[in-house]
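Q: Using the sequences and the hints given, assemble the complete structure.
Residues per chain, in single letters:
2 protein chains.
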Amino acid sequence: MVELKENLDILSAWSILEERFHPLNELEEVDLLALEGYPPIKLGVDVLSRRNLPQYPASAVDGFAVKATDTVNSSPRTPAQIFPGSYCWVNTGGGVDRSFDSVVMIEDTLMEGDTLLVTRTITRGENIRPEGEDITKGQVIARRGDCLDAFLIPLLIASGNSRVSVQRLPRSVFIPTGDEIITAEEWVREDDKTWDKVPETNSFMLRRLFHDWGFPLEIHDLVRDDEALIADAVSRALRDHDFVIIGAGTAKGKRDHSADVIGKLSEPLFRGIRMKPGRPVIVGSSGNRPLVALPGFPMSALVTCWSIIHPLLRRLNGESPAVDLEKAVGSVETLKTSLLMHHSSSQGVMEWLRVKCGDIGGTIYSWPLASGASSTFSTSDADGFALIGSSVLEMPKGSEITVWTKRKMELEKRPVYQGSNDPAIDRIVSFMRERGGDLAVRSVGSLGGLSALARGEGHVASCHLLDPETGVYNDTFISRLDKARSWRRFKLFKREQGFLVRKGNPERISSVRDLADKGSIFVNRQPGAGTRVLFDHLLKEAGIQPGSIVGYDNIAITHFEAAARVSGGSAAATLGIRAAAKAFDTDFIPVTEEDFELVIPEEFISHPGIEILMETLNDDRWRREVDSLGGYRWAF
Amino acid sequence: MVELKENLDILSAWSILEERFHPLNELEEVDLLALEGYPPIKLGVDVLSRRNLPQYPASAVDGFAVKATDTVNSSPRTPAQIFPGSYCWVNTGGGVDRSFDSVVMIEDTLMEGDTLLVTRTITRGENIRPEGEDITKGQVIARRGDCLDAFLIPLLIASGNSRVSVQRLPRSVFIPTGDEIITAEEWVREDDKTWDKVPETNSFMLRRLFHDWGFPLEIHDLVRDDEALIADAVSRALRDHDFVIIGAGTAKGKRDHSADVIGKLSEPLFRGIRMKPGRPVIVGSSGNRPLVALPGFPMSALVTCWSIIHPLLRRLNGESPAVDLEKAVGSVETLKTSLLMHHSSSQGVMEWLRVKCGDIGGTIYSWPLASGASSTFSTSDADGFALIGSSVLEMPKGSEITVWTKRKMELEKRPVYQGSNDPAIDRIVSFMRERGGDLAVRSVGSLGGLSALARGEGHVASCHLLDPETGVYNDTFISRLDKARSWRRFKLFKREQGFLVRKGNPERISSVRDLADKGSIFVNRQPGAGTRVLFDHLLKEAGIQPGSIVGYDNIAITHFEAAARVSGGSAAATLGIRAAAKAFDTDFIPVTEEDFELVIPEEFISHPGIEILMETLNDDRWRREVDSLGGYRWAF
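Here the protein sequences come in this chain order: A and B. Residues 825 to 1460 (this note's numbering) are what the first sequence spells out, left to right. Residues 825 to 1460 (this note's numbering) are what the second sequence spells out, left to right.
If you are wondering where the hints come from, they were derived from the structure by calculation, not from laboratory data. Treat the numbers as computed from the prediction; the structure is a model and nothing was measured. All C-beta atoms in this analysis are idealised placements derived from N, C-alpha and C, irrespective of residue type, glycine included. Incorrect hints may appear among the rest.
Unchecked claim - Now the stretches of chain A that chain B is said to cover, found in silico as 3 or more residues with beta-carbon under 8 Å:
#1 852-864
#2 914-921
#3 949-959
#4 1277-1290
A: Take a look at the structure:
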């Protein structure tokens, strides 16, 4: 294997791409009458009109073609008389025979038998659009580089140029590889019988990105992790494509063949860029044809598409500048935002963040979604993306961060919710959207939500926090909030909490004592979660040390995540709400019913988005949906 | 026929549309695996994941699955020994059997025979991504209204949702009508034998606009000007479409049936909006299905698409606000510009202008292209569009005018050329673009160009102006420019001027005397054109009064336009350059050879675009192209 340059910074990578690859500059003919899908095609040559437009002297009105000299001194009182043969009816746009030189509008005429009376003196050429008025034969009507848009296409056709020479777009192919990959078709068909397999979804992301960028893309069949098979597919692809992208195999394991294939079939240019995620990209050149191995993890693949694939496509297509990250990302809006909480970035590498945004008190804040390169949800859930420079290490709260947004947002109607994870809240968002609102939900736990509110980092918090001293929910915790400010409380519903255990309760767990005695594996919730506060209370009540619980440090962030592990068999039990037990079909041993409430600082009560939230809390359709989740009671 | 509201202002029209039409709110299922073309489809319902992702506890590294308790107190010096059966190799992303609880990276192990040595103490859960870490079954992963983008599509597939319920897009159909219309196929096939016919190109404009807006559109076959045929086509179209657009027939002539058809098949809402062009649109409603008759002239059709069709599509599709003109126009950039010269707008109607832009001395100017509703060239040639309010009448030079541009422009490299019309100049633009420059060309004649320069309205002028007193070209006229400023002159080439007459010179014209004596029809050029100055000089020399020339007031703006009329038979002769005679295959009677030169104010000599122009003047490829036009001589 040939040695590659490793771990370049992105600027060095770009200058290598710029230096090594050149615009295709190839022409091909397209038939405008048969054009489908309208990629952003550019003319390859200047185009001359083949026609005069109009092709003939055309009438600008409905009326009679006449000779102007026949109308001299006409007026309503002394109309000119014109006899048959010396006038001719003509429609708007119709041709005016060259024996006439002007057209009189029907409004300026009368008929007397078959004699035309003209009541106005007409000047030569009046109401005639002479041939070539719009365009003339031989005229340059469009130039090399002009885009075939809604204005140019009709003009080209009208000028008699239905087949035009255009700049050929680069032909790209994506070859997904991997033994662990199954096709999307298999994945959705096989349902849950897919242990050890992941679906091939990167091709769907690439297809859509290429579509949005305006470039064609072919998808190759999936190839197994076999160097010979991959090399064969790549070398055949190189024959009739300008750009070959190999999916995955970019790591250095036994099953990773991309580097070897690129080393054998092309001149390797570099391996790895100092970017997180997206690091393990490999790039080679086979003449002017780039060969790129795309990391397999979805977010790594995505940022590599933005930062390597898109610049290469633009370079091959002769676009300047080749690098236009904002366009690659498809940014709808560029927002200058303020970081809502401290973020530690990695030293020496650029970092892509998936962020959500919110406008709190007139400042637009953003916060990164905590998630790795393999996460697909946070990529879709994000409002936008931010690229953090490689020299940035610690970013304190309030740091400026530029966000490229994916969608247009009405932030003034989208309050920021910080607090307890709850499926009913997840369901309310669409009902708020129906009313023109929205909700940015951050699941940080009940204690986390109240602290966030105290720090001014949200419009609404939620909590279900038991004070064991009083046996009363929430009061104690909310009363600790700054007394100088005013806090509005809205009791929403009661939720059943209990132990989730596998169907049939094979380990016979019904208390914390059982957990400790049997050494069953537990899944806990993160510090600050109301459910963890409850679990700790149960332990204390039973006199059990946390260290006696196997898996006390196994953390899940949501009820559903904890239930998934119990249901899947990784854990024996968790503490959570009945709705999670219902969704995952686990047994549920009830422990308590808790008060779930919202807390809103007084100053946000008239926030347009909070008003929409308040209104939506009474939406019967939402309430019925919540009822169907199980374990909720509208007690307030 | 039912009476329609006539000539509404656009705001009233929009409020009628808003009141009468409602979002479709219909769902349909799409198969994400088979999605083609990617219109901007929105989810119709909230989507819950059908899977946990990962589906199983997955290894985050290449290594060995082990039990954490088997590694207690391991270190490089005291490695734990793990025997076959108690460990298992696992690839990154691979499933970790539930008999293990953690994964040790290969880097932290050694093999001793078939015994695994672990050199680090591993904690429970280390290097394992638990099932559901990314998303869990039952989780809301996308919401009603979310767009099927590059981020959501892979997520939906991975979550097991390959068929999703989406908001059905409105189904539209365009029915072109008209006896004078022929299909684009016929038009390009029939070449010049198309007297009295115009090509059906509006469907191509609509197809592309709908594509850019993200809506599907069907094109109906052309229908003749027959009320019964049109009514039949429309009523059949109404059966399976949400939106029917009739092409043309919007005037009040005998052949215009759209108003009658709309009156019979729907409830007519209004006819005519106070907008220029675009006035004669007709709108009716058949239930929630709009029926719109689109004016036939291309520019009228275009602005009606922007101002009526697009808002209707957005309304039916539930988008808010329904009216988004900037989006309809497809504006790339919104420029605040200053009007380069006085413009008189029409009172009481809004007016759409096609404009070109230029940056002169740091101010961005724009000027309207003089052209009517039937012009296709200026629509394509324009840099952008501006909508002038109905209360605006006179707009003096310097008035602010907001332009929605069609393309990204580097105005600092695009000087403004004002002056003589010349085909060689038309051909230089592409060669300047190759060098990163461009040229905004305004053909205002030689005198017009010099005055524009004097007024500070351009970077470069061109002229070919004979002073009959001296017999010398240009000197006299350029010397009249402000002496306080410095003017640089560049003699470009010599051009042959002469009479263009029909092939074979049937009227035997070889002088102005012949024109006067024979009463042959002449085509003149506009006041200020160098060619007109020459013609006036010839008349004066021969002692002929302009009034003795038939067609002295027939004006063409370019050499080619004048030649087209001679070639087409509307006129017998014009005065023009040999290149025009060659392009139109007319006879050419040489009169003189003139000096064509550029004038550039000293302060613009170092303008980046002027530097590119100067460089390009020496481009051999351009010079060869000019040579092939005929009548040019590189004499300087």
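Q: Against this structure, judge whether each hint is valid.
A: Hint by hint, here is what the structure shows:
no., hint, result
1, 852-864, "holds (count 4)"
2, 914-921, "holds (count 5)"
3, 949-959, "holds (count 8)"
4, 1277-1290, "violated (count 0)"
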